[in-house]
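There are 2 protein chains.
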Amino acid sequence: MTFLKGLLRYPIIQAPMAGGPSCPKLASVVSEAGGMGFLAAGYKTNDEMEKEISEVKQLTKKLFGVNVFVPQKSEIDSPVLSSYIDTLESEADRLGVSLGEAVWDDDCYDEKIEYLLANPVPVVSFTFGCPPNGLISKLQQRGSFVIITVTTPEEAEIAFKVEPDALCLQGVEAGGHRGSFDDKDVPGKDLSLLSLLSAVRSNIDLPLIVAGGIMHGRDIAAVIMSGAAVAQIGTAFLRCTESGTNQFQKSAMADPSFQHTMFTRAFSGRKARGIANRFMLEYNSAPSAYPQINNVTKPLRREAAARGDTGTMNMWAGQGFRFAEELPAAKIVERLVRECRQAFDEIKTKTHESII
Amino acid sequence: MTFLKGLLRYPIIQAPMAGGPSCPKLASVVSEAGGMGFLAAGYKTNDEMEKEISEVKQLTKKLFGVNVFVPQKSEIDSPVLSSYIDTLESEADRLGVSLGEAVWDDDCYDEKIEYLLANPVPVVSFTFGCPPNGLISKLQQRGSFVIITVTTPEEAEIAFKVEPDALCLQGVEAGGHRGSFDDKDVPGKDLSLLSLLSAVRSNIDLPLIVAGGIMHGRDIAAVIMSGAAVAQIGTAFLRCTESGTNQFQKSAMADPSFQHTMFTRAFSGRKARGIANRFMLEYNSAPSAYPQINNVTKPLRREAAARGDTGTMNMWAGQGFRFAEELPAAKIVERLVRECRQAFDEIKTKTHESII
Chain D
1227 MTFLKGLLRY
1237 PIIQAPMAGG
1247 PSCPKLASVV
1257 SEAGGMGFLA
1267 AGYKTNDEME
1277 KEISEVKQLT
1287 KKLFGVNVFV
1297 PQKSEIDSPV
1307 LSSYIDTLES
1317 EADRLGVSLG
1327 EAVWDDDCYD
1337 EKIEYLLANP
1347 VPVVSFTFGC
1357 PPNGLISKLQ
1367 QRGSFVIITV
1377 TTPEEAEIAF
1387 KVEPDALCLQ
1397 GVEAGGHRGS
1407 FDDKDVPGKD
1417 LSLLSLLSAV
1427 RSNIDLPLIV
1437 AGGIMHGRDI
1447 AAVIMSGAAV
1457 AQIGTAFLRC
1467 TESGTNQFQK
1477 SAMADPSFQH
1487 TMFTRAFSGR
1497 KARGIANRFM
1507 LEYNSAPSAY
1517 PQINNVTKPL
1527 RREAAARGDT
1537 GTMNMWAGQG
1547 FRFAEELPAA
1557 KIVERLVREC
1567 RQAFDEIKTK
1577 THESII
Chain Z
1227 MTFLKGLLRY
1237 PIIQAPMAGG
1247 PSCPKLASVV
1257 SEAGGMGFLA
1267 AGYKTNDEME
1277 KEISEVKQLT
1287 KKLFGVNVFV
1297 PQKSEIDSPV
1307 LSSYIDTLES
1317 EADRLGVSLG
1327 EAVWDDDCYD
1337 EKIEYLLANP
1347 VPVVSFTFGC
1357 PPNGLISKLQ
1367 QRGSFVIITV
1377 TTPEEAEIAF
1387 KVEPDALCLQ
1397 GVEAGGHRGS
1407 FDDKDVPGKD
1417 LSLLSLLSAV
1427 RSNIDLPLIV
1437 AGGIMHGRDI
1447 AAVIMSGAAV
1457 AQIGTAFLRC
1467 TESGTNQFQK
1477 SAMADPSFQH
1487 TMFTRAFSGR
1497 KARGIANRFM
1507 LEYNSAPSAY
1517 PQINNVTKPL
1527 RREAAARGDT
1537 GTMNMWAGQG
1547 FRFAEELPAA
1557 KIVERLVREC
1567 RQAFDEIKTK
1577 THESII
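Here the protein sequences line up with chains D and Z, keeping their order. Under my numbering, the first residue of the first sequence is numbered 1227, with each subsequent residue one higher. Under my numbering, the first residue of the second sequence is numbered 1227, with each subsequent residue one higher.
Treat the hints with care, as some may be off.
Identical copies carry no separate label here, and so any pair may be met within one copy or between two of them.
[As the list claims (entries may be wrong)] Pairs of lysine-lysine, BS3-like flavour, derived with a Cα cap of 25 angstroms: (1) K1497 - K1277; (2) K1576 - K1476; (3) K1283 - K1415; (4) K1415 - K1387; (5) K1497 - K1288; (6) K1287 - K1270; (7) K1270 - K1576; (8) K1288 - K1410; (9) K1557 - K1410; (10) K1299 - K1557; (11) K1476 - K1415; (12) K1387 - K1364; (13) K1576 - K1524; (14) K1277 - K1299; (15) K1410 - K1497; (16) K1415 - K1497; (17) K1576 - K1364; (18) K1576 - K1251; (19) K1251 - K1574; (20) K1524 - K1387; (21) K1476 - K1410; (22) K1574 - K1524; (23) K1574 - K1387; (24) K1415 - K1524; (25) K1288 - K1574; (26) K1283 - K1299.
The set of hints was computed from the structure by calculation and includes no laboratory data.
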């Protein structure tokens, strides 16, 4: 907990949001404001990650984190994948692009790890899997605080065994990809933040960072009440001045014609939550095949995002996206802290009898 | 809020769980213990409901509630329904029963309402729909406190307009049927309790009763922190001494071979959360057709429950069912209150700086 008490002023971590939003500017501003900023190494080359780390280091001397996707080999149903790709051809034609290749890749994992071992950053977090204890301890020996993202009590047990410094519990409310160790559709993978926290807090003696649907300060107060050490917040920063979120997505988030989020595999072949749009509804039976489908749709997504075709682009966001504000990130941190303090103050001034 | 402050000692409502668990004994014990017990009129005849109300009145002079299912006519895809029923024939054969008729019914709604108007009970709550303002105000004129169950901000807006005394927000964590106004699969119907509360609390000036995944007292503290007036708790009472839960379900809830919950339409034709078992996994593509499928599977469910065929019976439960204890209900209320107080005390003794 020294991580928390000594280094973080507020129990607020800006979630690593891959694909643009979590840029060096955003990360540094949140860290400067008393929370902790995060870079998302996912989808980036090692050079791109390195460049972002250098930028953050120039912008702040405070704590920041780098999130890395753990690669995994999963069984792909090739005929099903092929026929899904076939259905996307008309989308590609319409946008005048060619679909990408349905190839597996490791997201430059080995290179990134090599770099992070040679050039330690304050915090490293992992998503999509559990690295071996050997790697965790090496990172720790080099001074990094290591976090593993989990979505079920079973994953928490596995992660606990490799001795990270903290776990990040991702509830089903969270935007973007599920941080699950695999993409299988089996029961028990739909735990909300409170259910997950409730199931994990009594068994796992580690600081618990919690993510999913936290848009207001009183929700931070609520999760702390429920046993969390820190709230990890992504969606609330998506529209902020410093975020690298696509401008059309920022507008869509305030557009009444976009009301809801849903899970989809249509864009990447892995379950992710985003703002429900035509593409997600039309391809809602997309198969599990990550990162193959992600590579296939890349030109499609890029072109749709450039054109502002909000019916076709991926707009990752959590359940509370309606409350994301178009403000400087520091103002958002300030608001969250103020609201959280108010919520605690309300409780402190009440007598026992009037609460319970 | 007089409901809360004047009449309820603790902000704990025992959820109405239709199909057995919420019996008069359970309801009265929870009310006597300082919470509020609830009868579930769903699936019962008017006479059965009347009998249960009389029993509760003999057992306690304290506040209690009666929950009523609002009937709705929805479009049924008859060929799909027929072919689903065909697949159930082998289950019926195996258990030596005949499937029920795929008929619609109104769950004796009109009779129940007539009775409740003529013989007012302290609290009436509605699930599966929003009764008209005329009915709400008649119930209120007769002294009943009226609650409407909602699962989305849109339903909350609709319910607010008919002027009930409180809303019950049901998060996606909750066991049993989704209380949604319809059973359509559209985006935005999967809000967790915290996300739903966060979306509703600023717009709706009514006491908010919240349900879904609340198994421990610190979760009650958390939802109060997040703006709830009262926690509605079902699953935590499922295994208690006084509940009418099927004995085989009570055992299954502590059996390590049952680990997870999932949503299913297999038993009733309406989305409901229960402990994942063979039947749910095998018929996971069951169509939406409520109450037709519920009537079809009734003999099947009854026989499976009598035999203790836990692979075939429906075992409704919320995400936190592992924490349900086999204790007298009063002990559970006592524990919840103690834990909630502890959570608030921890906060009160901390300084600002050490919290945030």
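To see whether the hints hold, each was checked on the structure:
| no. | hint | verdict |
| --- | --- | --- |
| 1 | K1497 - K1277 | neither (29 angstroms within a copy, 48 angstroms between copies) |
| 2 | K1576 - K1476 | neither (40 angstroms within a copy, 38 angstroms between copies) |
| 3 | K1283 - K1415 | neither (37 angstroms within a copy, 42 angstroms between copies) |
| 4 | K1415 - K1387 | within (20 angstroms within a copy, 36 angstroms between copies) |
| 5 | K1497 - K1288 | neither (33 angstroms within a copy, 48 angstroms between copies) |
| 6 | K1287 - K1270 | within (23 angstroms within a copy, 66 angstroms between copies) |
| 7 | K1270 - K1576 | neither (50 angstroms within a copy, 42 angstroms between copies) |
| 8 | K1288 - K1410 | neither (38 angstroms within a copy, 48 angstroms between copies) |
| 9 | K1557 - K1410 | neither (39 angstroms within a copy, 39 angstroms between copies) |
| 10 | K1299 - K1557 | neither (42 angstroms within a copy, 49 angstroms between copies) |
| 11 | K1476 - K1415 | between (29 angstroms within a copy, 23 angstroms between copies) |
| 12 | K1387 - K1364 | within (15 angstroms within a copy, 60 angstroms between copies) |
| 13 | K1576 - K1524 | neither (54 angstroms within a copy, 49 angstroms between copies) |
| 14 | K1277 - K1299 | neither (28 angstroms within a copy, 59 angstroms between copies) |
| 15 | K1410 - K1497 | both (9 angstroms within a copy, 21 angstroms between copies) |
| 16 | K1415 - K1497 | both (11 angstroms within a copy, 17 angstroms between copies) |
| 17 | K1576 - K1364 | neither (48 angstroms within a copy, 36 angstroms between copies) |
| 18 | K1576 - K1251 | neither (41 angstroms within a copy, 34 angstroms between copies) |
| 19 | K1251 - K1574 | neither (37 angstroms within a copy, 37 angstroms between copies) |
| 20 | K1524 - K1387 | neither (36 angstroms within a copy, 46 angstroms between copies) |
| 21 | K1476 - K1410 | neither (31 angstroms within a copy, 29 angstroms between copies) |
| 22 | K1574 - K1524 | neither (51 angstroms within a copy, 51 angstroms between copies) |
| 23 | K1574 - K1387 | neither (38 angstroms within a copy, 34 angstroms between copies) |
| 24 | K1415 - K1524 | neither (27 angstroms within a copy, 29 angstroms between copies) |
| 25 | K1288 - K1574 | neither (31 angstroms within a copy, 30 angstroms between copies) |
| 26 | K1283 - K1299 | neither (34 angstroms within a copy, 61 angstroms between copies) |
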